[in-house]
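Undergrad: What follows is the residue order along each chain.
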Amino acid sequence: MSSYALSFWLAGVALEGTILARALVVGWFKKCPFFFGYLASVFVQDVFFLAVYSFKFKYYQPIYWYAEFFSLLMGCGVTWEIFRLILGRYPGAGRMARNVLAIVILMVLSKGLVGVWNGDIPWAVTTVELERNLRAVQALSLLVLALLITYYRVPLGRYAKGIFAGYGIFIATMVMTLTLRASIGQAFQAVWVFVQPHCYAVSLGIWCFSFWSDEPSPVEQSRSKIEEDYQSFVLLTRRSLVQAREFLGRAIRS
Amino acid sequence: MSGTLTLIAIGFLLIGLLVYLLRSPGSEEEDVPWLHDGYSATPYANCRKEQLDRIFGCEDWEFIRNSTSKRVQQLFRKERKRIALSWLSRLRSEARTGMHLHVARVRASEELEPLTELRLAIEYYAFQAKCGLIAAILLLGGPIALRNMVGQAESLSNNLRGMLEAGLKAEASSQRTRIR
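Protein chains in written order, with the working numbering: chain A, 1 to 254; chain B, 255 to 434.
Hints were generated in silico from the structure; no laboratory data involved. One or more of the hints may lead you astray.
[As the list claims (entries may be wrong)] Selected chain B positions facing chain A (Cβ under 10 Å, derived; list incomplete):
1) T260
2) L261
3) R346
4) R359
5) E365
Source: prediction; values computed, not measured. By construction, the Cβ of each residue, glycine as well, lies at the ideal position given by its N, Cα and C atoms.
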């Protein structure tokens with residue numbers, strides 16, 4: 001391992017340690033157990049891998065993939081936690097997210113099954129492909145969430161924004177690098193080894209930056225008082241849209 | 255190959271949206287002033303019919319065309335185009351405000367119906383697209399060109415309808431003859 005790679009690894013461990021120490025001091029572990037559990041597991045893995053890499057290198061690769069799948073499972077919990085953290089106060093938008101997500105996953109699964117049935121797409125035979133597919137499902141979920149946040153203008157607290165952006169960027173870059181690794185093959189390995197830690201460092205940087213303020217967690221903010229009749233809102237909006245359309249039609253016909 | 259491209263596109267789209275969210279301001283509860291000050295059900299009340307007739311109508315243009323120089327006519331067309339565009343932009347922004355109000359209100363509602371929401375979103379984006387098309391026509395030719403275009407389209411559709419009706423009549427009469 002080059003001195004640059006080693007120092008990068010150590011810097012990552014230091015950043016993770018800093019975030020975890022702050023989380024312990026402020027008491028965030030109870031509020032976001034999956035996210036900080038995930039970060040703690042990555043921290044332990046990083047330290048452990050450094051020792052394995054340095055002293056027992058032959059075990060590094062098999063252990064790496066086991067650890068990667070453990071992180072993947074923890075990552076599913078983090079995705080669920082991000083949904084809860086952001087849409088917890090907005091049951092309407094949450095219901096919309098669940099519906100859109102169910103449709104998207106159903107579409108992806110049926111497309112994949114049809115592909116496998118026709119023999120166009122092989123089953124995920126390699127660990128890289130399996131991880132890529134599972135990360136892609138997470139990326140799709142986060143994409144749906146980002147679209148709904150943009151459409152419904154859901155206000156994000158600094159922490160929630162930080163967790164979401166950092167984890168989302170990490171997952172997006174993972175999906176891209178794993179896809180290229182699976183499609184190009186060993187030729188991409190050198191690029192992958194270089195790119196992946198840098199992408200993770202960007203996520204760590206975002207987390208570190210967003211957690212370094214005293215803003216109250218969005219989970220603690222008061223629930224919205226807007227609890228009125230949904231149908232009357234729909235009618236009101238539709239009426240105003242129809243009215244605007246009528247004016248437009250009149251402008252064209254005048 | 256298409257699967258690879260789709261996954262890379264998903265990655266890029268997610269990164270793009272996250273960067274947009276990171277850059278967008280507002281960590282606090284979004285303040286929507288119109289939520290509290292009695293939002294009117296008729297936000298377009300000011301867009302009166304007279305205004306519309308004046309901006310898109312042909313009376314003023316007929317008068318200018320018959321009694322002034324080319325230079326004044328040019329100036330008039332330019333000004334009328336600006337007024338029409340500004341009217342259109344106000345209509346769009348009022349529709350946008352209405353939609354923003356809607357999403358700000360219903361995002362917390364437990365009764366939210368995904369299908370109704372989808373239909374509303376389609377209606378809204380269709381309206382915005384129509385506005386965009388009209389704005390493009392206005393930009394290219396001004397309100398007078400828009401009116402001429404609509405007139406031509408109407409006469410074209412009348413001709414088409416006439417031809418179809420004639421064709422249907424001919425078909426019906428030939429069927430009657432065969433039955434006899």
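Undergrad: With reference to the structure, classify each hint as holding or not holding.
TA: Now for the hints, and whether the structure bears them out:
Hint status for T260 (chain B) relative to chain A: holds, with the closest Cβ pair at about 9 Å, below 10 Å. At a threshold of 10 Å, the smallest CB-CB gap from L261 (chain B) to chain A is about 4 Å, leaving the interface hint in force. For the restraint placing R346 (chain B) at the interface with chain A, the shortest Cβ-Cβ distance is roughly 8 Å, inside the 10 Å limit, so the hint holds. Taken as an interface hint, R359 (chain B) checks out: its beta carbon lies about 5 Å from the nearest beta carbon of chain A, inside 10 Å.
Satisfaction of the interface hint for E365 (chain B) is found here, the shortest Cβ-Cβ separation to chain A being roughly 4 Å, below the 10 Å cut-off.
Consistency note: the structure conflicts with none of the earlier hints.
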